[in-house]
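For the sequence shown, my numbering gives the first residue as 56, with consecutive numbering after it.
Hints listed in this document are in silico derivations from the structure and should not be mistaken for laboratory results.
It cannot be assumed that every hint is accurate.
Quick list of the computed label-pair ranges, beta carbon to beta carbon [claimed, not checked]: (1) S91 x F125: 42 to 50 Å; (2) R256 x P121: 18 to 26 Å; (3) G153 x R175: 20 to 28 Å; (4) R105 x A84: 30 to 38 Å; (5) E206 x G151: 15 to 23 Å; (6) L162 x L257: 15 to 23 Å.
Below, computed lysine to aspartate or glutamate pairings styled on DMTMM-like, alpha-carbon distance capped at 20 Å [what the hints assert, rightly or not]: (7) K61 x D253; (8) K61 x E206; (9) K61 x D86; (10) K61 x E176; (11) K61 x E85.
Note that the Cβ used here is the ideal one computed from N, Cα and C, for glycine as well.
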Amino acid sequence: MALELKTPPAGEPLSLAEAQVYLKTSDPAEDTWITSAIQAVREQCEAFTRRALMTQTWVLWRDAFPPPSFAGLNEIELPFPPLVSVTHLRTWDAGGTGTVFDSGNYLVDTASTPGRVVLRESAVWPSNLRNARSVEVEYAAGYGGAADVPEALRQGMLLWMRLLYADKTWLFDSGAPVPGLPGFNRDDLPLPVRALWDPYRLSRF
Numbered sequence: 056m057a058l059e060l061k062t063p064p065a066g067e068p069l070s071l072a073e074a075q076v077y078l079k080t081s082d083p084a085e086d087t088w089i090t091s092a093i094q095a096v097r098e099q100c101e102a103f104t105r106r107a108l109m110t111q112t113w114v115l116w117r118d119a120f121p122p123p124s125f126a127g128l129n130e131i132e133l134p135f136p137p138l139v140s141v142t143h144l145r146t147w148d149a150g151g152t153g154t155v156f157d158s159g160n161y162l163v164d165t166a167s168t169p170g171r172v173v174l175r176e177s178a179v180w181p182s183n184l185r186n187a188r189s190v191e192v193e194y195a196a197g198y199g200g201a202a203d204v205p206e207a208l209r210q211g212m213l214l215w216m217r218l219l220y221a222d223k224t225w226l227f228d229s230g231a232p233v234p235g236l237p238g239f240n241r242d243d244l245p246l247p248v249r250a251l252w253d254p255y256r257l258s259r260f
């Protein structure tokens, strides 16, 4: 299985102005660092929770269709929920020709976590596929806009930014821990941030 980010989010869960207020700074010289930190912390939040925050487009590649689930369903789970929609499911045959699978043959389940494509009982998956990267699913995922992102995830981002901003030179140059936060260095997730993000973390993907 391979994942490719086709279209990154058009915005971030936090605005520059919001971060400036939280960090108690209005210095324009800090704007570049703050903007970069917002993106970096959002990416870390997505990596930790295995969720997409803002709407973005992904392409999932599989070498074959998965076997039926324990419930007997023929399904493809799509990483980085919440799932918004499926653009297409395309298969590639041994000759390298791609064919879009009729969307009437499957159900798009956006209510489950993670979202999934479920083959209808009356349909069968295509056969005669090449032996690698033969199944392609393009889909949109994410909570939506900034206002739709769960507040606990946003507050965790702000908190981590405050910790980084408090002594960004010390943290990134020396890797030394922040006083009062044992074990927090460039390799660790701050415990207060983890407490906010843990309830949203998926155990797989």
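So, going through the hints one by one against the coordinates:
1. S91 x F125: 42 to 50 Å: holds, 44 Å
2. R256 x P121: 18 to 26 Å: holds, 23 Å
3. G153 x R175: 20 to 28 Å: For G153 and R175 the Cβ distance comes to about 22 Å; the hint holds.
4. R105 x A84: 30 to 38 Å: holds, 35 Å
5. E206 x G151: 15 to 23 Å: Once the Cβ atoms are compared, 47 Å apart, the range 15 to 23 Å for G151 and E206 is violated.
6. L162 x L257: 15 to 23 Å: With a Cβ separation near 21 Å, L162 and L257 satisfy 15 to 23 Å, so the hint holds.
7. K61 x D253: violated, 27 Å
8. K61 x E206: violated, 26 Å
9. K61 x D86: violated, 27 Å
10. K61 x E176: violated, 31 Å
11. K61 x E85: violated, 30 Å
The earlier numbered hints that this structure contradicts are 5, 7, 8, 9, 10, 11.
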